[in-house]
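The sequence shown stops at residue 314 when you use full-length UniProt numbering, and every number in between is there.
Treat the hints loosely; a few may be bogus.
[Unchecked claim] Label-pair distances were calculated between CB atoms; the ranges are: (1) Gly245 with Thr284: 17 to 25 Å; (2) Gly245 with Gly213: 35 to 43 Å; (3) Gly213 with Asp244: 19 to 27 Å; (4) Leu314 with Thr284: 20 to 28 Å; (5) Gln299 with Asp244: 13 to 21 Å; (6) His230 with Thr313: 32 to 40 Å.
Worth flagging that the hints you see were computed from the coordinates, not collected in a lab.
Please read these numbers as outputs of a predicted model, since none were measured by experiment.
Yeah, the Cβ is synthetic: ideal placement off N, Cα and C, and Gly gets one too.
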Amino acid sequence: MPRTPATTPATRTATATAPATRTPAPATSATSTTSTARVAAGPAPRLLGAPRPDAVLRRVREAAVPAFALLLATLFFSSNVTPASASDLGGSGIPVSTAAPMTGQTLAASLVVLAVADRDSYGVTDPPPPPPPEPEPAAVEQTVTGSSSSSAVVGGVGAVASGGGTIVNSGTGDIRWPFPGSVVLSSGFGPRSAPCAACSSMHMGLDMTPGGGTPIGAVAAGTVRIAGVHAQFGTYVVIDHMIDGGLVSTMYAHMRSGSSPLTVGQQVGVGELVGAVGRTGVATGEHLHFEVLMGGSTQIDPKAWLDANAGRTL
Numbered sequence: 001m002p003r004t005p006a007t008t009p010a011t012r013t014a015t016a017t018a019p020a021t022r023t024p025a026p027a028t029s030a031t032s033t034t035s036t037a038r039v040a041a042g043p044a045p046r047l048l049g050a051p052r053p054d055a056v057l058r059r060v061r062e063a064a065v066p067a068f069a070l071l072l073a074t075l076f077f078s079s080n081v082t083p084a085s086a087s088d089l090g091g092s093g094i095p096v097s098t099a100a101p102m103t104g105q106t107l108a109a110s111l112v113v114l115a116v117a118d119r120d121s122y123g124v125t126d127p128p129p130p131p132p133p134e135p136e137p138a139a140v141e142q143t144v145t146g147s148s149s150s151s152a153v154v155g156g157v158g159a160v161a162s163g164g165g166t167i168v169n170s171g172t173g174d175i176r177w178p179f180p181g182s183v184v185l186s187s188g189f190g191p192r193s194a195p196c197a198a199c200s201s202m203h204m205g206l207d208m209t210p211g212g213g214t215p216i217g218a219v220a221a222g223t224v225r226i227a228g229v230h231a232q233f234g235t236y237v238v239i240d241h242m243i244d245g246g247l248v249s250t251m252y253a254h255m256r257s258g259s260s261p262l263t264v265g266q267q268v269g270v271g272e273l274v275g276a277v278g279r280t281g282v283a284t285g286e287h288l289h290f291e292v293l294m295g296g297s298t299q300i301d302p303k304a305w306l307d308a309n310a311g312r313t314l
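Please put together the full structure from these sequences, using the hints given.
Structure follows, in structure tokens:
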């Protein structure tokens with residue numbers, strides 16, 4: 001084994017006096033230190049796993065829109081489901097629907113048609129036609145012989161004071177009915193339903209309907225005051241009579257044109273021809289409109305007067 005040479009004093013002195021030499025650091029050490037310092041001084045890297053708050057809100061809104069639309073669609077279809085009627089229930093009480101399934105497009109189209117139909121269903125409505133007039137009750141026949149004083153009220157709208165029915169005139173006495181034998185009374189004296197637009201609802205005479213062309217006789221002797229044509233009465237005659245010391249006038253209206261031979265101022269006897277039954281003037285049919293005027297102007301019920309005076313001897 002070789003031995004290490006011993007250190008001599010000269011050797012120790014040379015070692016102590018020799019200057020210390022520093023080993024230079026590698027060039028790469030400074031570069032690495034600078035790069036490390038620069039990296040450490042830069043901004044901290046962002047973590048990829050943590051989302052930003054505005055991105056979270058956007059995702060929540062995007063997810064809520066489809067959910068809200070689905071909720072609206074569910075409510076719409078559930079509100080348009082037709083409930084089962086009692087006849088659709090089976091023996092178990094479970095509703096059984098026989099309707100075919102309806103798609104969303106079909107349902108939407110049907111709703112549009114329904115809306116259009118409802119919109120177009122409004123319009124101007126014409127008033128309904130008036131109901132047909134009720135027929136007047138048939139006249140009740142009433143028989144009057146000679147100078148009987150029967151004055152029963154007979155049928156007619158408005159319950160006229162008298163008139164209607166059938167009279168039988170004996171054709172005797174100084175005061176007589178205008179027609180001998182049997183005659184129908186069609187409208188009495190007093191209020192009534194007007195038989196036409198121009199007709200009066202307050203009838204001031206007695207209508208007799210023995211038939212068109214039937215001769216009309218004067219009810220008493222007298223003097224012709226009027227013989228002519230009137231817009232309402234047509235061909236008519238007014239005769240003045242002195243009865244029981246007072247003036248009583250009688251009028252005969254709606255006679256056929258040219259049927260009366262009488263002239264103003266002419267004297268006539270009881271039963272003498274006055275004219276023929278017609279429908280001149282305002283009339284709905286051929287009839288005699290007969291009036292009695294006390295004092296020459298006050299209209300009274302002709303039937304009541306004839307019932308009280310026909311057959312009398314003056």
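Hints and how they fare:
| no. | hint | in the structure |
| --- | --- | --- |
| 1 | Gly245 with Thr284: 17 to 25 Å | violated, 39 Å |
| 2 | Gly245 with Gly213: 35 to 43 Å | holds, 37 Å |
| 3 | Gly213 with Asp244: 19 to 27 Å | violated, 34 Å |
| 4 | Leu314 with Thr284: 20 to 28 Å | violated, 36 Å |
| 5 | Gln299 with Asp244: 13 to 21 Å | holds, 19 Å |
| 6 | His230 with Thr313: 32 to 40 Å | holds, 33 Å |
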